[in-house]
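S.K.: Read off the chains here:
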Amino acid sequence: MTAIDQSILTLILLLPLAGAALVLLVPDRLRLPNWVALLTALATFGLTLHLPVHFAAAQGGFQFEVNRMWIEGPKIFYHVGIDGLSLWLVVLTGLLAPVGVVASWNAIQERRKLFFALFLAQQTAMFGVFISLDLILYYGFWELSLVPMAILIAMYGRKDGPKAALKFFLFTFIPSAPLLVAILWLYARTGSFDYTTLQVLIAHGNFPAYQMFWVALAFLFAFAVKVPVFPLHGWVADTFSEAPVALAMVVAGKLGLYSMLRFHIGLFPAEARDVAPVMVGLAVIGILYGACLALVQRDFWRLMAFAALSHLSLITLGIYGLTLTGWEGAVYQILNHGVVDGALFLLLGVLYDRYRTSEIGDYGGLAAKLPRTATFFVFASLAMIGLPALGGFVGEFLILLGTFTEVSKGWAITATLGAILGAAYMLWLVQRLFFGPESRLALSKPPEDLRAGQMAVLWPLAALMLVMGVAPMVWLPTIEQGARRPPLKIQYEPALVAPTSIPAEGQR
Amino acid sequence: MNPVPDIFRILPEVILALTGVLIMLIDATLPSHRSRRWLGWVAAFGAMAALWGSLVQLSMPEGTGFSGTVETSAFTIFFHVLICAIVLVTILLSLDTLPENSHHQGEFYALIVFGAVGMCLLTGAVELLVVFIALEISSIATYVLAGYRKQTGRGPEAAIKYFLLGSFATAFLLYGIALIFGATGTTQIYEISRLAPIAENHSFILAGLGLMLVGILFKVSAAPFHVWTPDVYEGAPSPVVALMSTAPKAAAFALLLRVVYEMLPTLRPVWEPLLWVVAVLSMTVGNLAALRQQNVKRMLAYSSIAHAGYLLAAFAGLGNDGIAAASFYIAAYAAMNVGIFAVITLASGYDEKLPLIDDFRGLVYRSPLLGSLLIFFLASLVGIPFTGGFFGKLTSFSAAVGGGAIWLVIIGLLNSGLAAAYYLRLAFVASQRPGDERLAAPAPQVGFAVGAALLFAVAATLVLGIKPDYVVLPAAEAGAHTLQAPPAETSAPGVAALPPPQR
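In order, the protein sequences belong to chains L and D.
Letter by letter, the first sequence follows residues 1 to 508 of my numbering.
Letter by letter, the second sequence follows residues 1001 to 1503 of my numbering.
Treat the hints as calculated values from the structure; they're not laboratory data.
There may be inaccurate statements among the hints.
[Unchecked claim] Below, simulated BS3-like cross-link-like pairs (lysine-lysine); rule was C-alpha separation at most 30 Å, straight line:
1) D:1353 - L:75
2) L:113 - L:167
3) L:159 - D:1150
4) L:113 - L:75
5) L:113 - L:159
6) D:1161 - L:113
7) D:1150 - D:1161
8) D:1150 - D:1353
9) L:369 - L:159
10) D:1467 - L:163
11) L:159 - L:445
12) L:445 - L:369
13) L:113 - D:1353
14) D:1467 - D:1161
[Claimed, not checked] Covered, in the sense of this in silico footprint (three residues per stretch, anywhere, with C-beta under 8 Å from a C-beta of chain L), are these stretches of chain D:
15) 1367-1377
16) 1399-1413
17) 1424-1436
[Stated by the list, open to error] Restraint ranges, calculated between C-beta atoms of paired labels, are given here:
18) L:437 - D:1354: 36 to 46 Å
19) L:6 - D:1459: 49 to 59 Å
20) D:1349 - L:14: 34 to 44 Å
21) D:1435 - L:455: 36 to 46 Å
22) D:1459 - L:484: 41 to 51 Å
23) L:14 - D:1354: 34 to 44 Å
24) L:298 - D:1459: 32 to 42 Å
25) L:292 - D:1291: 32 to 42 Å
26) L:210 - D:1288: 40 to 50 Å
Quick caveat: nothing in here was measured; it's all calculated off a predicted structure.
Positions of the beta carbon are idealized from the N, C-alpha and C atoms, including for glycine.
Put together the whole structure using the sequences plus the hints.
M.R.: This is the structure we're talking about:
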């Protein structure tokens, strides 16, 4: 390992924070805060690209690992590292940062320094969640990721920011309380917060089953709220309609889904197996419920919120099917969802900034006025509903394939209905926003299409959607490196139960 | 090795007392029209010197002085440093916020410094009568300080309430001391720990413990002895609240640690369930009441009750763990609480133009610096990671889990979720965009002294959250060294009223 490999994750973690400090120092003139934030975001993205280039997919376990003593009592380590599961999520987070800055370029006019400083701090928190391998370190970033988000929702909320911010915060913070109890309980029993150590100790620990059941449930509960999984989605709609665009595109999904993969199933394979059928059921309900609600929304932020619920439930289905195919599909779909949502939110933000309303009914006939906006929106929508040759298709297909062949044909077929509904609400949204007779709203403002900066972001995103659709093999081998680690394909075959496979991992 | 002269055992107290006397003398002789603001700098200097004095004690061998009545050990030094730091920050805060034309500035600083003498002595005393005297010194100073805004109705009301209820509580403590003296024939803490298990009048000791706990729990404002807190905090000037919500509490918690872990460790089956109940009550009552407050200072008063509860959770921890965790939590709580009261003092001024939560609307827009600091300290009070508040909760609850009190921890963490609701209500209201007329109001200015105070509080809160080792290790040391009198052992130090020079 070279020196850069040793420190790359720490650099990725600290660079946005340094950028945040710099943003606070520069004067608020000539859009200097915006430029500093953009350059920091781009530089961080550049750093994250180092990871896939130097990642050895053939080699198992965590890479770019750093494990140093941080706090002596209780023993907490600065232990970071990535594997195939987290690799692309780190890159995705890096990619979305410049997108977020561009989306906020004109939307944020007041207190820009605070906005961009907090936005960059949020990046650090999210990177931290993906790379932490010490439970307290992880928990720290997990909680920290709430703070900038909540403050920014309160500061820039469209109608009642403080209320939405409080709702968002408490919905995630209160379920974290049992999570912390569970972590402390594990520490009291094993004397370690370390992920890899705990994997071994839990597999061999012979803890009473009912205690482990509650511990695992505490983990799962905290993550399920964050994803969100039906019926814990109460915060999503308000948060999406109040959050600034740059944050709405990252608020739901990947943190919770990744945590499920890594810390619920990764640490408690046996308990996860027990609870998997329930999770599969909830996921399928979530797919249909979210899609149905999305169909009837009049506000496009809320529509996106329920669409997200539906899509994220599909990913949950892939995760708790506990199949290799499903996991690959799930991670792939998280990536695709991030890219597509990034583009869609950017475009909706452009519309909102211009017309100051999110009522779908007020729009109509914009395609003639704003052809570029319309084109990109249609393209991203198609990627979202899973049109073959675009990114969404690969992920959805893998998830449904895994569910169909190895979990349950019935659930898979039901979940497929969700994909059809998804096409319905997205295409209907496109039709109501951009086509049909020109609304008064469309005539009220002079046509002003996407600006150069926005185009500069949207073109790469669109290209990425296409590449993800036609060349998934760029991503899948590395994802498989991470997905192979946990106990897969054992859900309905008790003979191959995990304990034998996990220690082999831990004793690397 | 030469035995340490007794006077060095109370070096910080001596420095503080001299400073206080000096300030009073200057104040009395200065012509009445001269500014007395610089007396605050004298007080700040005295507090710094006392801080240095505590650090000097680090190089002395541990032991007792004045016939076994006061002690210097890692434990006492830890609390001395903490209290002196709090006092220093409070004085810096008062320097810029007390009205310039006040005639009583000299007294104000003298009282703060005298109060600090009592608090420091309280943490170092190992003799129950000295404990009592120290508690009185610190309490009387804070009674007077609480009523410092005489021109408002609430000031004197606060002082009288605090004085009457506080006197009751001290009486309870004294009665408890008397009963324990009756049962064991001594008031020396190490002696009591040796004699208590073999004393004949066991019921006297139990009653004495109960009465002493009432007195101490009153001072730390734990439920159900908390009713004075909101009224007093509301009436007292904000810089004084910054002091009295932290330093006297730290001293009282140090006393509580001494009484339960050191004096009567054998009675753990008795006091542990009691403190369990008090902890749960304090958290729950404090948080539920805070949720309904509209006045910022009352809300923070209830929050301090809740924090007393989280702190008491550490007492479920075994031996050293519990003491270390409690000591750490006190330090973390002090840093963030002084900080938030400093921000509130600055934002609403000495005459408190902005008493209500809704008055803080848009603070972030009006004054980004104060607004961000407010949110930062509130985040620490919520227990957001990488701040002192988080690590305090972590160590406290971790100690409790280690002691097997899993339900206490679950209740505590759910409570901290509840607490987030009212802290963040204030934080989010402050970050909301205000109406244009309020945006035009002048932003509060941050002076040099108060800037230093804020910087100190922010740095302490961050260090306690990011590199807590700097405090965790001394706290663990404090925990290890205070348990030098194992129960039922005849070799306990202090019996011979000598420092242990045998080493």
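S.K.: So, for every hint listed, does it hold in this structure?
M.R.: Hint by hint, here is what the structure shows:
1. D:1353 - L:75: violated, 46 Å
2. L:113 - L:167: Satisfied, since the Cα-Cα distance of roughly 25 Å is no more than 30 Å.
3. L:159 - D:1150: violated, 43 Å
4. L:113 - L:75: violated, 37 Å
5. L:113 - L:159: holds, 22 Å
6. D:1161 - L:113: Distance of about 46 Å is beyond 30 Å: violated.
7. D:1150 - D:1161: This hinted pair holds, its Cα atoms lying about 14 Å apart.
8. D:1150 - D:1353: holds, 16 Å
9. L:369 - L:159: With Cα atoms ~28 Å apart, residue 369 of chain L and residue 159 of chain L stay inside 30 Å; holds.
10. D:1467 - L:163: violated, 34 Å
11. L:159 - L:445: holds, 23 Å
12. L:445 - L:369: Since the Cα atoms of residue 445 of chain L and residue 369 of chain L sit roughly 10 Å apart, the hinted pair holds (cutoff 30 Å).
13. L:113 - D:1353: Judged against 30 Å, a Cα distance of about 28 Å means the pair holds.
14. D:1467 - D:1161: violated, 40 Å
15. 1367-1377: holds (count 3)
16. 1399-1413: Result for this restraint: holds, n = 6.
17. 1424-1436: holds (count 8)
18. L:437 - D:1354: 36 to 46 Å: Distance hint for residue 437 of chain L, residue 1354 of chain D is violated at roughly 52 Å.
19. L:6 - D:1459: 49 to 59 Å: violated, 29 Å
20. D:1349 - L:14: 34 to 44 Å: Between residue 1349 of chain D and residue 14 of chain L, where Cβ atoms are some 39 Å apart, the hint holds.
21. D:1435 - L:455: 36 to 46 Å: Holds: the Cβ-Cβ distance is about 37 Å, inside 36 to 46 Å.
22. D:1459 - L:484: 41 to 51 Å: Distance hint for residue 1459 of chain D, residue 484 of chain L holds at roughly 46 Å.
23. L:14 - D:1354: 34 to 44 Å: Holds, since residue 14 of chain L and residue 1354 of chain D (Cβ atoms, about 37 Å apart) stay within the stated range.
24. L:298 - D:1459: 32 to 42 Å: Taking Cβ atoms as reference, residue 298 of chain L and residue 1459 of chain D lie about 50 Å apart, which means the hint is violated.
25. L:292 - D:1291: 32 to 42 Å: Given range 32 to 42 Å: holds, Cβ gap about 36 Å.
26. L:210 - D:1288: 40 to 50 Å: violated, 31 Å
The structure does not agree with the numbered hints 1, 3, 4, 6, 10, 14, 18, 19, 24, 26 stated previously, though it agrees with the rest.
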